[in-house]
Amino acid sequence: MVVVWINDRLRRIPIWAVYLCGGLYAPYLFWQGATGGLGVEPIRELERALGLFALKLLVAGLAISPARRLAGVNLLRFRRAVGLLAFGYVCVHLLVWLVLDVQSLPLIWADIVKRPYVTIGMAAFVLLIPLAATSNDRSLRRLGPVRWRRLHRLVYPAVLLAGLHYATLVKGLPIQPIAWLAAISFLLMLRLRPFGRPSRV
Amino acid sequence: AGAGLAAMVGPGRAETLEPNSWEEITSYNNFYEFGTGKSDPAENAGALTTRPWTVRIDGMVDRPGDYDFDTIMRKMTMEERIYRFRCVETWSMVVPWNGFELADLLDLAGVQDGARYVAFETLFRPTEMPGQRLPILDWPYVEGLRLDEARHPLTIMATGIYGKPLPNQNGAPLRLVVPWKYGFKSIKSVVRITLTDTQPPTTWNTIGPDEYGFYANVNPNVDHPRWSQATERRIGGGLFSRRKPTLMFNGYEAEVASLYEGMDLKKNY
Chain P
667 MVVVWINDRL RRIPIWAVYL CGGLYAPYLF WQGATGGLGV EPIRELERAL GLFALKLLVA
727 GLAISPARRL AGVNLLRFRR AVGLLAFGYV CVHLLVWLVL DVQSLPLIWA DIVKRPYVTI
787 GMAAFVLLIP LAATSNDRSL RRLGPVRWRR LHRLVYPAVL LAGLHYATLV KGLPIQPIAW
847 LAAISFLLML RLRPFGRPSR V
Chain R
-6 AGAGLAAMVG PGRAETLEPN SWEEITSYNN FYEFGTGKSD PAENAGALTT RPWTVRIDGM
54 VDRPGDYDFD TIMRKMTMEE RIYRFRCVET WSMVVPWNGF ELADLLDLAG VQDGARYVAF
114 ETLFRPTEMP GQRLPILDWP YVEGLRLDEA RHPLTIMATG IYGKPLPNQN GAPLRLVVPW
174 KYGFKSIKSV VRITLTDTQP PTTWNTIGPD EYGFYANVNP NVDHPRWSQA TERRIGGGLF
234 SRRKPTLMFN GYEAEVASLY EGMDLKKNY
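Protein sequence lines correspond, in order, to chains P and R.
The numbering of the first sequence is this note's numbering, which starts it at 667 and goes up by one.
The numbering of the second sequence is this note's numbering, which starts it at -6 and goes up by one.
Derived by calculation from the structure, the hints in this document are not laboratory data.
The C-beta atom is built at its ideal place from N, Cα and C for all residues, glycine as well.
Be a bit skeptical, because a hint or two may be false.
[What the hints assert, rightly or not] Partner residues are not named here, just some residues of chain P that face chain R (Cβ under 10 angstroms, in silico):
| # | residue |
| --- | --- |
| 1 | N673 |
| 2 | D674 |
| 3 | R677 |
| 4 | G699 |
| 5 | P708 |
| 6 | L766 |
| 7 | P782 |
| 8 | G810 |
| 9 | V812 |
| 10 | L830 |
| 11 | T834 |
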């Protein structure tokens, strides 16, 4: 009953509202950073906040099909918006790192090659590029649903790498990145056949 | 006290050090006893009781015992020291500390001949330090210096900033400040100082020996395994702040380089 009611409400939310609400967070963060709302070291805060939001969106995207399978809540029609927003935040996160934080192309390259957490993050970004590029109806038609779905399984390693990227950049072992990594592992485990029903994921 | 100081603050001789604001110094802190976020210490440290406060000085000293903070304050010569502060995470500040030379405190207890190292310990009081209820670090936080580093005139115990008592989030009521080393060496809210003849364990070195050495001298040529130490960003520059090159020994090379003569700083990081 509740599920039917929830699904009914969800159907009434226009997709553009998801893009709008999700998209507004970035300019809000920039405005906060420029006016002191992010504290005395706004570059690092901005970078972290954008990256963390991208990770949350990726995890949310990963939770959509289990939510329907296990709880009957249907969020499938928002999945493309969530995925594209996630990719957008990854791009802005990357740009802030490049332009505001490191500020030097040779240093950026050195970081990508030398620093495992940067390498891991870049790998996640690269895996997401083909997914963002084929997230339109025309690509879906051209590739056909089977090949398209197979390609989009790249999101699994991408999210795992994103979680690792977060966990390996911090000092010590704070709880938050570990918790995110655990959530990602759980959502990925649901994809393994013995756990899930048929392989319709 | 101020006058003699200008010379000490020196290596920046050419550069005049512009201190960060009170707001910057007291709102952006690493003090995991109050949480791992940069604003956690300012938000959670208010409940810490800092009076009465005693510092136990023991080990290889002539007069071991519990030294009351107010008694120490009466006996020490207070000075202002404007020092660069460089965090291992690559941010930096300039802080106008008030405090006294650690060497004077050590003399109060009388260091015995065989002593070679000084070990420090932070207060352990989970009821007032919420971070200590979690296994983030091996509590209590411990640090250590070689005796010659501890006795160096640049090494101070700070008890204030901008002429005001040290705020709790900055390590009240007294903390170590070793300006040529990464910030984590400058242990906060010290309750125990022990003189020993063996190198004491230090918290970050115990957790990650390949990332945090015992010495932890600021060195732009030796990277942290996960990030470069060549540059730093001074707090307070806003969204478009530029990075600047990190100085050898944080700019105190002329004063302290002789302490490490003949040592391979890549091995002893």
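Worksheet entry | Restraint outcome when P:L830 is required to lie within 10 angstroms of chain R by C-beta distance | 13 angstroms, violated
Would you check whether P:T834 satisfies its interface hint, that is, whether its CB is within less than 10 angstroms of any CB in chain R? 7 angstroms, holds
Do the numbers back the hint for P:N673, that is, is its least Cβ distance to chain R under 10 angstroms? 38 angstroms, violated
Quick one, is the P:P708 hint okay against chain R at 10 angstroms, beta carbons? Holds. Min distance 5 angstroms.
Supplied contact hint for P:R677, tested at 10 angstroms Cβ to chain R: 39 angstroms, violated
- Item | Interface hint compliance - P:V812 to chain R, C-beta minimum distance less than 10 angstroms | Violated, because the Cβ-Cβ distance from P:V812 to chain R comes to roughly 41 angstroms (cut-off 10 angstroms).
- prompt: With 10 angstroms as the cut and Cβ atoms as the points, is P:D674 at the interface with chain R?
  reply: Given a least distance of 40 angstroms, the restraint on P:D674 is violated.
ask   = Against chain R, with CB atoms and a cut of 10 angstroms, does the hint on P:G699 hold up?
value = Interface hint status for P:G699: holds (5 angstroms vs cutoff 10 angstroms).
Exercise for review: Closer than 10 angstroms between Cβ atoms is the bar; does P:L766 clear it against chain R? Give me holds or violated.
Suggested key: This interface hint holds because 7 angstroms falls under the 10 angstroms limit.
Interface hint compliance - P:G810 to chain R, C-beta minimum distance less than 10 angstroms = 43 angstroms, violated
Should the interface hint for P:P782 be scored as holding, given a Cβ-Cβ cut-off of 10 angstroms against chain R?
Holds, about 7 angstroms.
This entry does not satisfy hints 1, 2, 3, 8, 9, 10, going by the numbered hints stated previously.
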